[in-house]
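> Residue numbers (full-length UniProt numbering), protein chains in the order written: chain A, 1 to 99; chain B, 1 to 498; chain C, 1 to 496.
Be aware that one or more of the hints could be misleading.
Far from chain A, some chain C residues (derived; all Cβ distances over 12 angstroms) [unchecked claim]:
| # | residue |
| --- | --- |
| 1 | E289 |
| 2 | G331 |
| 3 | A395 |
Below, simulated DSBU-like cross-link-like pairs (lysine-lysine); rule was C-alpha separation at most 35 angstroms, straight line [as the list claims (entries may be wrong)]:
| # | chain 1 | residue 1 | chain 2 | residue 2 |
| --- | --- | --- | --- | --- |
| 4 | B | K312 | B | K324 |
| 5 | C | K94 | A | K41 |
| 6 | B | K173 | B | K36 |
| 7 | B | K139 | B | K89 |
| 8 | B | K139 | C | K94 |
| 9 | B | K89 | C | K413 |
| 10 | B | K36 | C | K94 |
| 11 | C | K413 | A | K41 |
| 12 | C | K491 | A | K41 |
| 13 | B | K89 | A | K41 |
| 14 | B | K139 | B | K36 |
So the derived list for chain C, only partly shown, Cβ under 10 angstroms to chain B, looks like this [unchecked claim]:
| # | residue |
| --- | --- |
| 15 | A17 |
| 16 | E19 |
| 17 | K67 |
| 18 | A105 |
| 19 | E343 |
It should be emphasised that the hints constitute simulated quantities derived from the structure, not laboratory data. Note that CB positions come from ideal geometry on N, CA and C, so glycine has one too.
Single-letter residue listing:
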Amino acid sequence: MSAITRDEVAHLARLSRMALSDDELDHYATQLDAIIEAVAKVAEVAAEDVPPSSHALPLTNVFRADEVRQSLTPEQALAGAPAVEDDRFRVPRILGEEA
Amino acid sequence: MSTIPFDEALGRYEPVLGLETHVELGTASKMFCGCKTTFGGAPNTQVCPTCLALPGALPVANEKAIESTIRIGLALNCSIAEWCRFARKNYFYPDMPKNYQISQYDEPLCFDGHIDVEVEGEIVRIEIERVHLEEDTGKSTHMGGATGRIHGADHSIVDYNRAGIPLVEIVTKPIPGTDRLAPEVARAYVTELREVMRSLGVSDVRMEEGSLRCDVNVSLMPRGGSEWGTRTETKNVNSLRSVERSVRSEIERQAAILDGGGKIVQETRHFHEDTGTTTSGRSKEEAQDYRYFPEPDLVPIAPDPAWVAELKSELPELPSVRRKRLQAEWGVSDLDMQAMHNADAIDLVEATVTAGAPAADARKWWMGELARRANESGTALGDLPITPSDVARVTALVSSGALNDKLARQVLEGVLAGEGTPDEVVAARGLQIVNDEGELTAIISQVLADNADVAEKVRSGKIAAVGALVGGVMKASRGKADAGRARELILEQLGVSE
Amino acid sequence: MSLTRKSAAELGALIAAGETTAVEVAQAHLDRMAEVEPKVNAFLHIDAETTLAQARAVDARLAAGEKLGPLAGVPIAHKDIFSTHDMPTTAASKILEGWRPPFDATVTARLRAAGLVILGKTNLDEFAMGSSTENSAFGESHNPWDLTRTPGGSSGGSSAAVAAYEAPLSTGTDTGGSIRQPAAVTGIVGMKPTYGGSSRYGVIAFASSLDTPGPFARNVLDTALLHEVFSGHDPMDSTSIDAPVPSVVEAARHGDVQGMRIGVVKEFAGEGYQQGVLNRFHEAVALLESLGAKVVEVSCPTFTTALPAYYLIAPSEASSNLARFDAMRYGLRVGDDGTRSAEEVMALTRAAGFGPEVKRRVMLGTYALSSGYYDAYYGQAQKVRTLITRDFEAAYQQVDVLISPTTPTTAFKLGERTGDPMAMYLADLCTIPSNLTGNAAISVPCGLADEDNLPVGLQIMAPVLGDDRCYRVASAVEQALESRWGGPLLKEAPAL
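Put together the whole structure using the sequences plus the hints.
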């Protein structure tokens with residue numbers, strides 16, 4: 001049995017906002033299946049009482065003082081924008097949740 | 001959309017509330033970068049690589065924001081985490097630059113607290129599930145289409161000045177048992193939270209500017225039932241009045257659906273100020289999967305217990321405690337105190353008392369004449385163009401006998417009209433009580449002569465009739481006479497004693 | 001000897017002594033680049049004018065008596081994952097083609113402050129995801145030892161540039177071996193500092209909890225000199241360590257393993273390891289013993305699960321880190337025809353702008369973090385991470401450093417593994433554990449494999465903030481081998 005179905009791959013593509021073609025979905029389904037099977041080895045390590053590590057080092061409490069620093073100018077901020085209107089980033093219409 | 005009347009709905013169902021409140025902290029700089037947080041700056045002038053999510057930019061947590069969150073947690077009687085992490089909440093949205101929000105997931109900074117609110121003389125304890133820290137999003141303006149609404153717009157333009165402003169989310173546990181007071185309890189809770197934030201000085205909590213925002217969860221359970229119903233989450237609830245109305249409207253709507261044998265859909269709803277009702281958010285194609293995981297760019301927070309203890313010892317007096325103290329100091333009834341609370345007058349009265357006015361006088365002016373004028377002009381009491389020390393000065397002028405109440409009202413009117421300080425208004429308008437006995441005696445003689453019949457009645461023992469003569473004196477002096485002294489002099493002239 | 005054959009330390013000394021200038025040195029390297037780039041393709045961006053302007057500025061600073069470090073005026077090839085305000089920064093992705101950041105990465109700023117002259121931006125696997133540079137959106141780089149082979153990856157442009165004498169120094173980032181593996185397969189030195197020892201600010205993120213900027217050079221001392229220039233605490237990076245940089249230059253100058261306890265990782269041998277690689281490794285072990293080290297075998301059983309754990313953790317973080325490339329604020333935008341929604345434009349842009357490996361890892365990471373799978377994949381991988389840390393800690397109770405081959409094989413042929421992601425991933429087998437635990441690790445040349453006459457790297461791993469131990473051992477090995485070989489390994493490389 002495969003670890004991941006083509007439908008699941010299509011779902012992952014949607015979740016990660018990538019418009020993949022049917023061919024790509026087929027291709028990635030096969031590859032991801034193989035990869036997931038391989039990485040599933042982590043599950044074989046008995047580690048029930050082992051705390052997870054999210055970080056490489058055990059640092060804590062790294063903060064900055066509440067001080068204002070120089071911002072970019074609007075020109076700098078908008079320089080790389082695909083589209084600009086009225087000093088704002090112009091984006092395509094948003095499918096919002098508002099009725 | 002069908003609804004059934006509120007009272008009828010409450011006859012058959014018990015509401016369960018839940019509130020999620022977002023408070024923008026009033027830090028000088030943003031949560032994870034040094035950009036300013038000032039409201040209303042020109043678009044994209046308060047942005048940097050970090051809050052624009054430029055490639056390679058990294059967050060560093062604002063210590064003041066952590067401190068403020070812990071203080072909020074302490075004020076809400078929460079436990080403070082010994083160790084906790086930020087987490088990434090992943091979802092794509094154009095006003096969220098990184099397409100994940102740095103938030104907290106299963107390790108909030110503060111948890112398991114409570115706060116008491118008073119509604120109609122009853123104390124309701126609201127249990128707090130968690131208080132956590134996250135960041136705000138940018139602001140989209142929807143262009144083309146109908147009146148700036150997202151629906152039907154043909155494109156949007158985004159300003160990221162707000163992106164990254166620290167946001168504290170305060171989540172209650174489900175609140176059962178509020179019954180027909182549910183709308184009022186919801187409102188009282190948000191009001192109390194707002195005051196706690198103010199007393200802590202952590203936020204300006206201006207709902208109209210969005211620095212305090214509320215999501216209201218409501219579900220209904222059939223009376224006598226034991227299983228809570230499906231809840232809806234109403235967003236966009238941006239005034240105290242709306243909090244109350246949205247709860248009421250959701251109860252009426254859900255009751256109608258349940259009465260008709262329908263099922264409540266778990267969904268996001270939006271509140272509309274104009275109609276006072278909620279509408280359904282876009283139904284989602286698939287359930288959100290936020291893929292939370294610990295934020296690797298930030299290290300865990302492990303507040304030093306000594307620091308937490310210090311913050312706790314330095315907490316200011318909380319609003320409910322302060323209200324009790326002031327009530328005792330001022331000697332006012334529960335009802336009067338509640339009225340002052342509802343009118344947002346407590347701070348004003350206290351400041352007026354601090355400026356030297358007797359509590360009763362301070363309360364009288366703020367809750368009387370000034371409340372009336374605020375109401376007439378549709379402004380909040382605190383936004384009237386008059387200061388507590390102005391009011392204190394007016395009460396001082398009255399108690400010294402320089403003004404009577406009628407003149408005092410004219411002084412207040414002058415101050416509100418921008419004519420200057422109370423003393424300047426008194427001088428400019430010539431609003432001095434006539435203390436000159438000679439002048440007063442002359443006016444009285446004239447009034448007695450003009451009202452010989454009344455004078456005769458008084459002289460013959462009908463002392464109550466003296467009021468008409470005093471009124472005459474006040475009229476003749478255009479209100480500037482001291483009514484008490486006038487009465488004494490009239491009786492003296494008529495040779496009558498009480 | 002031509003300026004391009006000199007070490008960074010030598011160049012720095014010549015410039016400081018006024019015997020040559022930063023401009024002359026930069027020009028010599030630009031000339032070399034013009035000559036060999038058609039074959040090597042190490043650079044994504046070259047801008048001679050900007051480079052020479054930087055060189056002139058350094059000469060002026062020196063002339064004005066400004067005290068700059070030992071690398072003032074020395075040119076450097078800079079991996080195109082570090083933000084540079086005066087050169088494009090693309091991470092070898094179409095989605096960032098032409099992107100010019102309005103700021104410098106901390107590492108970039110420190111290079112400039114120390115008077116290094118940036119020759120250009122080097123090629124890499126897109127977003128540093130790969131082991132060969134074949135995942136670059138702008139063409140692969142070639143291994144100067146054999147142009148039909150990869151220079152390793154992801155920092156393959158940087159390793160190729162240094163091995164091809166286009167630059168005496170280069171920068172890299174190491175997430176699962178992306179400095180050590182390319183160094184090993186091109187016969188140069190590459191160091192992954194302790195995680196948090198070098199700033200990630202301005203480095204386009206692949207996997208935040210693993211990414212570590214580090215130096216490449218043709219010898220151990222140059223590597224240490226560069227290490228020292230850009231390391232140290234950075235308040236802009238919350239994961240940066242607020243502690244003094246270990247004295248790596250001192251260690252590099254005094255290679256000595258007398259009395260040192262050195263552990264050979266038992267698990268890094270056997271199936272999948274090229275015999276010639278193992279032969280050179282075993283010789284290195286013998287060499288260390290002959291130099292007075294006490295070598296023991298150490299077992300780190302969980303290291304065999306490091307690779308699967310890595311291929312869950314890195315893609316998970318990447319899936320989130322790469323979400324910002326959404327066509328809204330910068331970079332590529334595809335399909336915005338006025339009718340499509342932002343969501344559609346995002347999806348079309350990301351499909352067009354990301355290469356296959358990036359898409360694969362973004363989906364893998366999305367999967368590993370999804371509700372229902374999180375505990376089994378990402379969560380479990382994090383526990384394995386803890387276990388690997390414990391194995392390292394136990395090992396460092398017994399020994400001062402651990403050693404292994406840097407890579408199981410020598411440089412592979414271009415195209416050989418592109419169809420098989422899992423085979424490609426094996427290139428990082430020995431390097432990944434140090435990334436998961438934040439340890440320091442270096443790769444130093446230890447000879448040519450018998451089968452193919454291609455370089456083999458020796459990996460030396462040390463505990464967190466034990467970077468100096470890596471240099472001490474690497475320097476001893478380098479000294480002994482170079483005297484045996486009669487010069488550096490690179491002299492064996494064919495002329496280009």
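> Does each hint fit the structure? Answer for all of them.
Against the structure, the hints come out as follows:
no., hint, in the structure
1, E289, "holds, 32 angstroms"
2, G331, "violated, 7 angstroms"
3, A395, "holds, 17 angstroms"
4, B/K312 x B/K324, "holds, 20 angstroms"
5, C/K94 x A/K41, "holds, 34 angstroms"
6, B/K173 x B/K36, "holds, 34 angstroms"
7, B/K139 x B/K89, "holds, 19 angstroms"
8, B/K139 x C/K94, "holds, 28 angstroms"
9, B/K89 x C/K413, "violated, 41 angstroms"
10, B/K36 x C/K94, "holds, 33 angstroms"
11, C/K413 x A/K41, "holds, 29 angstroms"
12, C/K491 x A/K41, "violated, 43 angstroms"
13, B/K89 x A/K41, "holds, 27 angstroms"
14, B/K139 x B/K36, "holds, 16 angstroms"
15, A17, "violated, 37 angstroms"
16, E19, "violated, 37 angstroms"
17, K67, "violated, 30 angstroms"
18, A105, "holds, 6 angstroms"
19, E343, "holds, 7 angstroms"
Of the numbered hints given earlier, the model fails hints 2, 9, 12, 15, 16, 17; all others are met.
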